[in-house]
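One-letter residues, chain by chain:
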Amino acid sequence: MLALISSPAVFSLIMIIFVVGAIGSLFFHQSDRWANGWSSVFALLGTFLGIIFSLSTFMQGKELFFSFSQTSFTFLQFSLHIDMLAVFFLFAISLIGFFCSLYGFGYVKHYYGKYDIGALGFLYNILLGSLFLVVTASNALFFLIAWEMMSLASYFLVVYDRHDENNVKAGSLYLVMTYVGTAFIITFFLLAYKYTGSFQFDVIKLQSDLIPVMVQNLMFLCAMIGFGTKAGIIPFHIWLPAAHPAAPSHVSAMMSGVMIKTGIYMMIRLFLDVLAPVPLWWGETILIVGMVSSLLGVLYALTEHDIKRLLAYHSIENIGIILLGVGSAVTFYALDMKSLALLGLMAGLFHTINHAIFKSLLFLGAGSIIDQVHTKNMEEYGGLIRYMPQTALFFLIGSMAISALPPFNGFFSEWLTFQSLFQGIAALSFSLQWIFMLAAGSLAFTGGLALTCFVKAFAGIFLARPRSVEVTHAKESVLSMRIAMGGLAFLAVLFGLFAGSVTKMISTIGQNLALFEKVEPFVSVSSTQTLELTGGFALVSAPALFLFFGVIGLMIFFLVRFTVNRKQRITLGNTWDCGTPLNARMEITTTGFARSIILVFKNVLKPSIQQAVEYHDATSRYMPKSHSVTMGVGDIYLKYFYLPLQKFIHESSLRSRIIQGGNINVYISYIFVALIITLFVVL
Amino acid sequence: MTFSLFLLQGLLVPVLSPLCVGVIKKIKAWLQNRQGASIIQPYRDLWKLFHKDERISKDASWIFLFAPLVVFSVKVFVGWNIPLFSLDSGFFATSDALVIVYALALGTFFLALAGLDVGSAFGGFGSSREMTLSALAEGGFIFSLLTVALLAGTTNLFGIASHSLFDSGLHFVPVILAFLGFFIILLAETARFPFDNPATHLELTMIHEAMILEYSGKRLALMEWASANKLVLFFALGANIFFPIGLASGTDISTILIGVGALLLKLLAFCLVIALLESSMAKFRFFRLPDLLVASFILNAVAIGLINSL
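Just so you know, the sequences run in chain order A and B. Counting in this note's numbering, the first sequence runs from 135 upward without gaps. Counting in this note's numbering, the second sequence runs from 1086 upward without gaps.
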């Protein structure tokens, strides 16, 4: 049975389902309900099959090699290679895709009559299908086609809500950044082709030692920039906080949850599989990128009051944490400490799936809220826990998981990441130790800052009194949306409770890579789900944590509730108001909440305040009519990186314009000179 | 026997914590030439609060009602999982240093949410300040535990406590540096001078008190008790992780008595230091506190650097 499921036929069937879903929803685009129903059913079916397919392939531990069709070109093959690493990402994509599709079924309804639902269904199914292909393609050109499909589908989804001018702008930024990234990726593959003579990943892998060291280093940089742009590493992240908020929320969840992970997938694939062995500085670079992204990502998240931008910045932060795991893996591998390298890779992969779960949960929660309150500005929320109690609970679970609070899933992957960094500090000499020390330090600070940020987000959205009238009209979202969020929240608990089993599975996935063959990971899992590092450096048991904490909590609850002062009366009253009638403007705002921490980091964040005063009588300046304060954060990337770059490109284009004389004789002479040069080169 | 040790381990922190608060207050009173309240006054206060009726804000949600339970449970959980008087009374699969750090963060998370829940300006600003400080304290906290973890070769707290770090005399400097770093974190996390004034209700400066301002009755008792527990937890961590002297190993009655006695002495020493500190220095300006926390992180980083160069 299992062998039957994990066959190329089933994978092709999934692709066909997505294509049928895509084309069918275009076909039904006249009727919003039909288009939505059609695309959702096929997306659900495809992702559900994807979950079954990836699980059964994993359980059998078999690799699939196959091609869709033979082409007459030698360099373009529609060949796929589904190994365990691909299966892992397939699983993440299908799992998140399944819940997002379920959510989308209810969520899309508020676009009825406004936009073409058929187009949305088409693009959504294409996005899912291309994500499947990106992580399975084993030919560089085929991969690039899938990559382009993914980028284009997500671009059109970003600009789907096109009546808002900002969304269109965000889309353009996304498109430009994507193409810059893709240019580097193409350079990477062309370099690989030049020295290995093939676009097939397995051939490049076999012949990777033919590539000179300098070219390898160049290829590393290309891959870091190209795939890093997609993953959202700082400073190539600028599209991410603009584009993710613009897309419909279930698409944002897909983008943040899994699409940016395709960048991580390719980094792991290239640095730990195709290009191996790798020099030491690659690992160190990845670690530094991870540090910068995690720390700055969370700091920028703190400055945001747009709920979806805040979550988008947290994606950058978590990509950084994943890269800390992957970077330590690459570093240890370069030092030939394979057991530790496997630990680092496992930490990265575990955090990848965890982040996919809780970040899509949070984006879906944000979508429900925006759907009801009609604004993304957190300053206009407040008190929603009364109106949307279930969404609040799910969002709380997501917040706790992303802040790495035990006993949720985020804690265990950060625990593994910490441990792999600690091993670096313990095992390496001073010249290498410091980088792991900085990495562990940045991870520790990131944890604390993320906690602060989610106190701010959760309290700003759900607690205290409503800060706008819209909130008081909010209702709990429809069933399909609640089931999707509830399912993901349940997974966040489940992946925490069974962190041991998950770690074990991930170690199998890591060991499937050629370089970790027969390598025992540095962490072992006992039959009681206890994670233990080799040599007993650390151990933790998730079930024991759940049980112990649960028992203590229940005991205290019953003691306090039923033994002490059972006749206690509880009266409801007003919050202490110091004698003035209390209103929502007296609450702390989310901006105010984060202000002190922003001021602590003012050298990095460059906070700005603009004050504008309008007077009744401008000459005397005694009676102010209105006073406005605009607070912001300086954009150092724009100022010090992108604007100078743009200026440079602009000026060099102006310079090179001189050769465009407009005279036909000049052009003919250019052709002649070019011909002569070519002849010289060829002869 | 092992089970009774296990129970004793769990009950010790909540039982001793009001006493510690009482002792600190008494010493401070003496230093101010006052008679001061009896050292068992905090027990009486808790008893009184537990028997009072409660008044809850209309704006409060279930987070506010639920938070005291989580905050208190976290402190009991942590108290059960750190070395107090014996090396054989712990629950080893959950006494990892990172579990303890993040469990305490769980308590802080709910405390801050509770402060924000009722929508008073006091609670909001209290939570904002608390989160600012605890976010910056996290680095120093993890690194100070990491220093001794690297020396002992384990991040399990009972494992760390069972190593005598001073054996060779080599690691004296790193341990002292890490302890200094930890002590700064202790002051910040337990809301003591120069970070916070536990005796004030002045709206411009209070941090911890601002967050629990809206509580009354049983829930206030739990919150107050939890913060007293946190004080003892940090004292015990500081004493037993960095100076693991006198900890009992085995189930012999006499060694356990010695262990408990040593713990009481250590707690008394910490109370004395805190009381002296609070009587002799002023609170810092809020925006100078991050410097102190970063100093803690740097002290620990230096300590770790020293370990390997030795």
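No lab work stands behind these hints: they were computed from the structure. A portion of the hints provided could be inaccurate.
Dumping the calculated DSSO-like pairs for lysine-lysine here, alpha-carbon to alpha-carbon at most 27 Å [unchecked claim]:
hint, chain 1, residue 1, chain 2, residue 2
1, A, K740, A, K510
2, B, K1351, B, K1113
3, A, K701, B, K1351
4, B, K1137, A, K701
5, A, K773, A, K736
6, A, K243, A, K609
7, B, K1143, A, K609
8, B, K1143, A, K701
9, A, K736, B, K1368
10, A, K510, A, K609
11, B, K1111, B, K1143
12, A, K740, A, K196
13, B, K1111, B, K1368
14, A, K510, A, K701
Facing chain B, a subset of chain A residues (Cβ under 7 Å, in silico) [as the list claims (entries may be wrong)]:
hint, residue
15, P540
16, V589
17, I722
18, V734
19, S760
By construction, the Cβ of each residue, glycine as well, lies at the ideal position given by its N, Cα and C atoms.
To see whether the hints hold, each was checked on the structure:
Straight-line distance between C-alpha atoms of K740(A) and K510(A) comes to about 24 Å, which keeps the hinted pair within the 27 Å bound. A hinted pair counts as satisfied when its Cα atoms are at most 27 Å apart, and K1351(B) with K1113(B) qualifies at roughly 18 Å. Only pairs whose Cα atoms come within 27 Å are accepted, and K701(A) paired with K1351(B) is rejected, the gap being roughly 40 Å. Proximity of K1137(B) to K701(A) is assessed by CA-CA distance (about 10 Å); at most 27 Å being required, the pair is judged to hold.
Between K773(A) and K736(A), the direct Cα distance comes to roughly 16 Å. Compliance with the 27 Å bound is thereby established for this hinted pair. The hinted pair formed by K243(A) and K609(A) meets the criterion: a straight-line CA distance of about 15 Å does not exceed 27 Å. A threshold of 27 Å between alpha carbons decides the hint, and for K1143(B) with K609(A) the separation of about 20 Å falls inside it, so the pair holds. Between the alpha carbons of K1143(B) and K701(A) the distance comes to roughly 21 Å, so the proposed pair stays at or under 27 Å and holds.
This hinted pair checks out: K736(A) and K1368(B) have alpha carbons roughly 23 Å apart, not beyond 27 Å. At roughly 17 Å between alpha-carbon atoms, K510(A) and K609(A) fall within 27 Å of each other, so this suggested pair holds. Simply put, K1111(B) and K1143(B) have alpha-carbon atoms about 38 Å apart, too far for the 27 Å limit, and the pair is violated. Annotation: proposed proximity of K740(A) to K196(A) is violated, straight-line Cα distance about 53 Å (limit 27 Å).
A threshold of 27 Å between alpha carbons decides the hint, and for K1111(B) with K1368(B) the separation of about 20 Å falls inside it, so the pair holds. Distance hint between K510(A) and K701(A) is unfulfilled; the C-alpha atoms sit about 45 Å from each other, more than 27 Å. Look at P540(A): its Cβ gets to within about 5 Å of chain B, closer than 7 Å, so that hint holds up. Restraint check, V589(A) versus chain B: the minimum CB separation of about 5 Å is within 7 Å; hint holds.
The interface hint given for I722(A) is met, as the beta carbon of that residue sits about 3 Å from the closest beta carbon of chain B, less than 7 Å. Against a cut-off of 7 Å between C-beta atoms, the interface hint on V734(A) holds, since the closest Cβ of chain B lies about 5 Å away. With a cut of 7 Å, the hint placing S760(A) at the interface with chain B is violated, because the nearest CB-to-CB distance is about 24 Å.
Checked against the numbered hints above, the structure breaks hints 3, 11, 12, 14 and 19 and satisfies the rest.
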